[in-house]
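> Here is how the chains run, residue by residue.
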Amino acid sequence: MEIEGQTFAEKFDLFGCIQCGKCTGGCPISMKSSLNIRRLVYESIMRESNESIFEMPELWDCTTCATCSLRCPKGVEPADVIIGMRNLLVEEGRLQTTIRDALESIFKNGNPWGRIRDKRSEWQEGLKIKNFSEGQSAQILYFVGCTPAYDPRLQETAKSLSKCFDRAGVDFGTLGNEETCCGNEVRRMGEGGLFEMLVEDNSSLFKKYKIEKMVTTSPHCYNTFKNEYPETGFQVQHYTQFVSELIKQGRLTFSKEIAKVVTYQDPCFLGKQNDIYDEPRMIIESIPGVKFLDMDRSRERSLCCEGGGGRMWVEASYTGERLAEVRVKDAVSMGAEILATACPFCLLTLEDAVKTTGNEEKIQVKDIMELVAEAI
Amino acid sequence: MELVVCIKRVPDTSEAEVVIAPDERSIKEDRLPFDINEADNYATEEAILLKEKYGGSVTVVTVGKEDSKEQLRACLAKGADRAIRLDDEKFAGSDGYAIAKILHASIKDLKFDLVLTGCLADDDGYGQVGVQLAQLLGIPHACLVTKIEVQDKRARVHRELEGGLDEVLDIELPAVLAVQTGINEPRYASFKGIREAMKKEIKVLGLADIGLKPEDVGEPGSKIRLEKLFVPPVGERAQVLEGTPEETATRLAEILKEKGLI
Amino acid sequence: MGEIFCLVEHRRGELRDVTFEILWKAKDLGEKLDADISAVLLGHQVSSFAERLSGYANRVLLVEDARLANFNAALYQKVMSALMADRRPVITMVGNTAFGMDLAPSLAAELDLPLATDCVGLEVEDGKLFAVRSMYGGKVNAKVSFPEAQQYMVTVRAGAFPAEPGTLKGELVSIDSPLTEEITQRKFVEYVEAEVGEVDITQADTLVSVGRGIKEDKNMPLVEELANSLGGALACSRPITDAGWLTKDRQVGQSGKTVKPKLYLAVGISGAFQHLAGMQGSDLIVAINKDPEAPIFNVADYGIVNDLFKVVPALNAKIKEIKG
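Residue numbers (my numbering), protein chains in the order written: chain A, 3 to 378; chain B, 21 to 282; chain C, -2 to 321.
The hints are simulated quantities; they were obtained by calculation from the structure and are not laboratory data. Some hints could be false.
What the hints assert, rightly or not - If you want a taste of the chain C side facing chain B, the calculated C-beta under 7 Å gives, among others:
1) W21
2) F46
3) A47
4) A71
5) A95
6) A106
7) G124
8) K136
9) A139
10) Q182
11) A191
12) G194
13) W242
14) I316
Said to hold, decoys possible - Taking lysine to aspartate or glutamate and the EDC-like style, the derived pairs with C-alpha atoms no more than 16 Å apart in a straight line are:
15) K210/A - E136/A
16) K212/B - E198/A
17) K76/A - E136/A
18) K121/A - D50/B
19) K233/B - D50/B
20) K184/C - E266/B
21) K89/B - D55/B
22) K279/B - D202/C
23) K110/A - D50/B
24) K140/C - E44/B
25) K121/A - D32/B
26) K331/A - E287/A
27) K121/A - D304/C
28) K307/C - E198/A
29) K212/A - E136/A
30) K167/B - D304/C
This one's a predicted model, so the numbers in the text were calculated from it and none came from an experiment. Ideal placement from N, C-alpha and C gives every residue a C-beta, glycine not left out.
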C-alpha cells in the first residue's frame, strides 16, 4: 500500500517493529474485532497482504485510543497505519453511509450531526455569553465543540462550564455560530484533505480574533489543537486544567455538598494520550461530600469507551458486550453512585451503557462540570 | 456508454427557517446551507455506476452561477469526466421550461446514450425539467426511475408508482431518465478527490455560446410567472403539549390511556 | 363556451381518487371561465368508468384502444396531443402523480403550452387563471400566473381539493383512437409489487412512524420499543427506506402505503406532503419533532416540540408504568 508515493512502511517509519505484539495485546477491541494491528504492521512492512483493505470492515472498529502507539517499546506508531488505510478508503469513497453523512455534514455545516450552523449557539440562549463573531472580545476563548453545542445532553456540560466561569469571574467568550469542527475525528476517520481544510480555516479564525488562550470542553478538541495544529500562538487547555486552577486559586468555591460515591473514567484523549490525570481527580475530590474511588483500570490503564476514532458514526463489525458496558458494571460493582467523566463521547457511550445494562436505578453518568455546577 | 447528468445547486431548507425577501419573489439565501439537489445526487451516482459497468464517460451539466462550481467539482471527484456550467445574467428568472430549453441547447449536439436528471428539485419542486428536456431533444423519457438495466440500445426501467407499486417499461436509447431518490447509495467525494478534480475541465457557456436569444430564456422565455411568495396559511395546528420532555411524555401517555390506546 | 379537459387516471381496473378531485375543481373553474367539463378517458374496456364519470362531467371523451390498456406516457401523449389540437381546451388538468409527472411536462412542451405543476390552489381573477404552488419543502407558497396564455395546463396535487358526489349527466362521446403504427420507443412491460414483508402496516391499529430525526439506524430500538409497548407496528417515511434501515413495505406516503390507523405517532418526521398524503386520514395523529415549523404539526392533533431522544425514552418509561 502506498500513500503519496511512499509505501506505508516508509511513510510511517514502521521498520523498527519487532513484532512483539504489545500493540495487539493492549488493543481494547482486539478481543471482539478481527482487527489485528500487529499483523497490519507486518503486512505493511512486508508489502504483502492477504486481503484488500476494501474487504476489511474491521478497519473501522479502531477507536484511535492510541494504546498501541503508547505501548510500543520501539516507538512505532501502529495507529498511523490504520489512519493511513482509512485515508485510502476515503479517497475511494467507500464508506459506511453514516460516516459519509458525518463528513459531508462537517464540510457543509461545520459539525458532524447534520445540524445547521445557525443553530450552533442555540444552547446559549438567555446566558449572555460574549461572542467573538459579533465583535466582542475576551481573554479566553471557550471552544465549545460540536457535540456540546448540539447534543441536548452535552449542552448541560457547556451550560455548567459557563456557569462556573461566570461565578469565578472569568472573562470568556465563544465563537458563536462561526465555531467549526476541530477536525480531531475527521483526521482519524481518514479524511486528511478535509482535516487540512479545517486546520487552515480554524487557524485563520483564531488569528483573526487574536485568540491567545483557549479552553475546550472536549479532550478530542484539546488533543488536536495542542498536538496537531501548527504553532498558531495560542495556548490551549482542557477545562479540567483550567478549572482545577480556578479552584486552587480560590476563585471557585463550593457551598453545597454532593454526598455520593463517585468514580471517574479517564478519557483516552485526556488521560493516556495527554497525561492529564490529576486535575480531574483534584476537581472531583474538592467537591464537599464526595467520596472518590478510583476504578481498578484507571489512568494509563483506563478502558476505552469506544467513542473515539469516528466510532460515534460507525457500525462496529462485531457484536457482543460493549466496553462501555464493562465499565459501567465495574463502577456499579464497586458501589459507585456516580460515574464521572470529562469527555462528551465517554459520557454518551457510558450513559447508553447504563441503559443497556439496566443500571439506571443504580448509577448516573455525569460530566465533572455538572457536579461542580451543582455544588458551587 | 456516453452519459449526461443534469444537476442543480439548491438551498437546504429542511431545518433552516425560510424567510421571504422584501421583494416577495425570492427567499433570503445568505444564511442557508447549499448542496446538490438530493435526487440529482442519486442521478450522478447512477451515471457513474453505469459508466463503471459499461465504460464510457459522464458529462455533468448545470445551469448555475459560480457557486455551483462546488457541486460540479464534487461530481467530477466522484467520477464524472467533464462538466459544463451554463451561466448568463439573462438566465435569471427562468421557469422549468426555460431551464429545459437552456439544457437542451447545450447538450443537443453532444453524443449521448442516456441523460439522467433528478425527478424533482427540493426548492421549486417543478418536477418537469427532465421530462420537458426529453421532449425538446425528441427522445423518449421516464420519470421517478428506481432501477435501470441497460441492454444494447434499450433499457429496462422501473418507475415508482403510488402505493408501493412499480411500473416496468422497456425504453429505446437515447432517452432521458429522471431518477428518484433511493435508486442507489451515493458515494462520498473525498477532499483529496475534489482537489484532484480541479484538473478536470469545467466549461462555462453563456447565452450566445449555446445559440439562444434573450427572448428564449429568463422571464421572457418562461411560460409561467412567479407573482408572489407567501407563507402558507396555518391551518388548525396541533395542540402543543408544553413542558419538559418528561412532562410532555407523561401528558401524552395520559391522553393515550384516556383514549384506550395503551 | 370553452372546454376544460380533466384527464382521468386509472390503474389496474380502478379509478384513482385524484380524478374526482380534479373534476370537482374543474366545475368551479368552469363556472368562472365560462367553460364546461370533459372527462378525458383513455384506456381499454373502460366503459364502466365512462358511466361512472358521466355524473361528474358534461361529457366523457372516451378513446378506446387496446394499446392504451396500461399507462404509457408515449402513447397517452400521442392521443392527448391529437385531442387537444382538435378541441383546444382552455385548461387541461392532470393529477401530479406518477402518471401525470410522466405525461404533462412533455405534452405541454410538445404543444407549447404553459404548465404549472403540483398546484395546491387554482383561482380565476379577471378571467385569468392563477395557480398556487408549494415550495421549499412546504414552507413557502407561490402564486403563479400564466402571462399571454389562452390555454393552460396544470398538474394538481393529490388531496389538494376535495371530491364530492357527482350531480351532472354527461354524454358519452366516443373518439376514434388516433394511434396508428406501433410505438417502439417505450413499451409497458408489467407492474411489480413491492416485496411483501412480515407486516402489513395498513392493518395495524397503531403505527409508530419514524423519520430522519432518528438520525441513525442504531437508534431504532428506541422507537421499536415504543411500537411494541403500544401494541403497534413500526412504519417510516421515505428517507428511512432510502437508507435501507426499514423495508419498503413499512413506508408511509405517496410512493408507499396509505394508512388510516387509530393512532399514528410520528417521531422525527417533518411532514413533507408526500408523507402526509399517506397518513392524514388517521384517527389520531401525534407528532414529536424538534422543529416547531415542521409541516407535520399542521395535520397532527397533538404535538410535542422537543427532542425525540428525550421524549421517547420518557414516554417508553411512562407507558411501562401505566401498563404495570
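> Broken hints, numbered, in rising order?
Going through the list in order, the structure violates hints 1, 2, 3, 7, 12, 13, 17, 19, 20, 26, 28, 30 and respects the others.
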